[in-house]
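Trainee: Sequence:
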Amino acid sequence: MNKLFNLICMALLIVSSNSAFADGFNSVHTPNGVYVIAVGNAGNIFRSTNYGNTWAKYTESNINFKSVFTLGTNVWITSDNGMVYKSSTSSTVITPYTTGVSSSLNSIFFSDVSTGFVCGNNGVVLKTINGGLSWTSSASGITTSANLNSIYFKNAMNGIVVGNGGVSYLTSNGGSTWTPTTIPTTRNLLSVKYYSDGAAVSGEWGKLFIYNGSNWDDINTRINTDIRGVEGESINDVHICGGGGFIRNNVNGNTELLNFAKNPMLADLVDMSYFYNIGYAVSSKNNAIIKTTDGGTVWTLTAGTTVSYNWVAKPGASGNFLGNNMSLHPTNRDVVFIAFGNRVYKSLDKGENWQTIGAAIPSGSTPHSFFVSPLDTNIWLVAIESSPDKIYRTTNYGVSWTEVHSQNFSNYGQPLEMDQNNPSVFYFAPDNGGFWKSTDNGATFTEISNNFAFRSPCDIIVAYENSSMIFVADGITGSGQAKIYKSINGGVNWTLVHTASSSEIPSMCNTAFQKNIIWSTEWSGSNIYLSTNFGDNWSTHHSTGFSGWGSDICREDPTMLITGSWGASATMSLDGGATWTNISSGLSGHGGGILIPDRGYILCHQGSNVYKLNVVYSVMTDIGENTISGIPSEFNLSQNYPNPFNPSTNIRFDIPKSGNVTLKVYNELGKEVNTLVNSYRNAGSYEINFNAGSLSSGVYFYKLDIDGFTSTKKMLLVK
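Mapping of the sequence shown onto the numbering used here: position 80 corresponds to residue 62, and the numbering continues sequentially without gaps.
Treat each hint with caution, since some may be false.
[Said to hold, decoys possible] In the BS3-like style, the derived pairs of lysine-lysine whose C-alpha atoms are separated by at most 30 Å in a straight line are:
id	residue 1	residue 2
1	Lys594	Lys497
2	Lys639	Lys594
3	Lys296	Lys594
4	Lys646	Lys695
5	Lys653	Lys685
6	Lys594	Lys685
7	Lys685	Lys696
8	Lys653	Lys695
9	Lys639	Lys701
10	Lys646	Lys701
11	Lys136	Lys109
12	Lys701	Lys685
13	Lys653	Lys696
14	Lys497	Lys419
15	Lys696	Lys646
16	Lys68	Lys696
17	Lys639	Lys695
18	Lys594	Lys653
19	Lys332	Lys244
20	Lys419	Lys328
21	Lys646	Lys594
These aren't lab readings, by the way, just hints derived from the structure by calculation.
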């Protein structure tokens, strides 16, 4: 029997990037760039027939849609209930087809309009040769314990399927039999694309493998989040998307996919679909669909979608602090630590909630730098104000602390730094000269610079993949000179590379993806400085209008960076610094550190609290419908309300039995101007929200037709 999406939503859909609502998608596809369909959990479907310029939202209750594929005018959708649904690009009606399994069907692919495959949990691979009307098992050679996540064919005979635990299988006979192929990982593999010259497979924890015809190359993506979407035309044109919202490609021989796309999404991207230069990408966190028209270099929000940014305080960790005291757990992506006052706090949910751990730090109450060792999470180091200032270390997860160094450092800086290339190495820069190094995970420190004449260092950074290159930001309040020094021999010798007419350089940030790039802030000035040649030369990039303080480049995408202030202000760029957006809303108190593990996970160490950036996308669709509980006893079309209206009004109708319903709007000349409903409805009462923003003032008529019942009423639009 035909089954219809029985909820069409108009109105304004307010979607938070870290909400727990049913919004968001699992898959998107386009056959021609013009028609686009995106599907997700809780029956969430968005559909556009005009390049994404407008969208209609449909909802099918109690179904989690997993994957969508389009070919010509055909649309197929899989679900977690073992069903495959079929529709067309010209219809909103879907027809369910049983497959003989109840497992979640996670991926679908058609090589032509007749021949298609789905894969899913419990080793399920199914094949159809009649366009999806019936399905048979095609899983010979695949273990039933394999949960399969993605399937793709490069032609009618040759296909690949991948799944959890690194499992992967190839077929060369149209799915009649499958042979294991060894991809060097035990991580879950999430997406695959099979090209004429090879294949690309992505997975959890930044796993990406490219098959060149003989070997699987393990690509060093330098990220920890999941890569969920793979697209492109060949192994030299691989496009990927994933955690936090990054989009990357390997065009023009960039083998490590270091071409980062500029895009407005600050939430996990899970899938994308291209038709030549036109592409669409979707997130599992919200209903904002992004689009590219230049092959993936630049992406924009579609359909008049707007975005707002607001910092939300996350209480539980508080106290005095200066500098940046946030530290990520090396193997658990949800865990982050912070030092506040004389205590260390831990969050198990990416900064949403905090609890104290370990014992109090023995003396002092204002930490300036804090680190959890990636080599051994039992080892922590903290630089804290005392008399004199001290570095404390614990080797038992904070149960007890040992003083390892005692020397005064800047009242406002971050004097301690870990070498991210070699985490057993730490550097310390105190007041009045000298540069200290530890090679034993912070147990002991030795001065290595012949007491170089630093004044009061504010920050230290180490170049990625080059521990010989180190930078120290130096400044004294009221001095009128903020300085940056560079060493190319591991901190032994230093050269002055930048002087600003401010008092301090409180923060510098760099990235593993563009190692020549370094950004810095200044206090009490408002300039942001940039070096594009490894810190040898610096220029004023722009002014924020507020006194600068913390900064960070997204750890997984160098196109995104944030600079903060000593006050309650911050600014963000999503295009590598070309443009900036003020994102100060919600902040209070003085600024400290900024941490951006990925594009959708942004923390600010602010005042006496931790703040997290909340991103809200507002998506406008055309028509909205609410289902009212209960079965009416007779047909009825109610008068719209309000009436007169501007520009939205509500129209209720009652149908005592199921059938095909049309509800259309006409102008005074009898010309149809909008179709609100044209599909099957179960018996019940419905309320349509109609937005007439595109129409001019005047009298309009709306007409209901179902199973021989017809009713027409008049309404007045007054603008």
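Trainee: A separate judgement is required for each hint: does it hold in the structure or not?
Mentor: Consistency of the hints with the structure:
At most 30 Å may separate the alpha-carbon atoms for a hinted pair to count; Lys594 and Lys497 meet this at roughly 27 Å. Taking the CA atoms of Lys639 and Lys594, the gap is about 50 Å. The hint is violated against a cut of 30 Å. Between Lys296 and Lys594, the direct Cα distance comes to roughly 7 Å. Compliance with the 30 Å bound is thereby established for this hinted pair. Between Lys646 and Lys695 the alpha-carbon distance is near 11 Å, which keeps this suggested pair within the 30 Å criterion.
With a C-alpha separation of about 12 Å, the suggested pair Lys653 and Lys685 falls inside the 30 Å cut-off, and the hint holds. Taking the CA atoms of Lys594 and Lys685, the gap is about 49 Å. The hint is violated against a cut of 30 Å. For the hint pairing Lys685 with Lys696, the CA-to-CA distance comes to about 9 Å; that is within 30 Å, so the pair holds. Between Lys653 and Lys695 the CA atoms are separated by roughly 15 Å; this keeps the pair inside 30 Å, and the hint holds.
Pair hint Lys639 plus Lys701 does not hold up; C-alpha atoms about 37 Å apart against a cutoff of 30 Å. Simply put, Lys646 and Lys701 have alpha-carbon atoms about 21 Å apart, close enough for the 30 Å limit, and the pair holds. Under the criterion of a C-alpha separation no larger than 30 Å, the hint pairing Lys136 with Lys109 is consistent with the structure, at around 15 Å. For the hint pairing Lys701 with Lys685, the CA-to-CA distance comes to about 22 Å; that is within 30 Å, so the pair holds.
With a C-alpha separation of about 14 Å, the suggested pair Lys653 and Lys696 falls inside the 30 Å cut-off, and the hint holds. Proposed proximity of Lys497 and Lys419 is supported: the alpha carbons are some 23 Å apart, at most 30 Å. For the hint linking Lys696 to Lys646, the alpha-carbon distance of about 12 Å falls within 30 Å, and the restraint holds. A hinted pair counts as satisfied when its Cα atoms are at most 30 Å apart, and Lys68 with Lys696 does not qualify at roughly 37 Å.
For a cut-off of 30 Å, the pair hint linking Lys639 to Lys695 stands: about 21 Å separates their Cα positions. Distance hint between Lys594 and Lys653 is unfulfilled; the C-alpha atoms sit about 51 Å from each other, more than 30 Å. Proposed proximity of Lys332 and Lys244 is supported: the alpha carbons are some 25 Å apart, at most 30 Å. At most 30 Å may separate the alpha-carbon atoms for a hinted pair to count; Lys419 and Lys328 meet this at roughly 27 Å.
The suggested pairing of Lys646 with Lys594 is violated, with an alpha-carbon distance near 46 Å, which exceeds 30 Å.
Violated hints for the displayed structure, listed by number in ascending order: 2, 6, 9, 16, 18 and 21.
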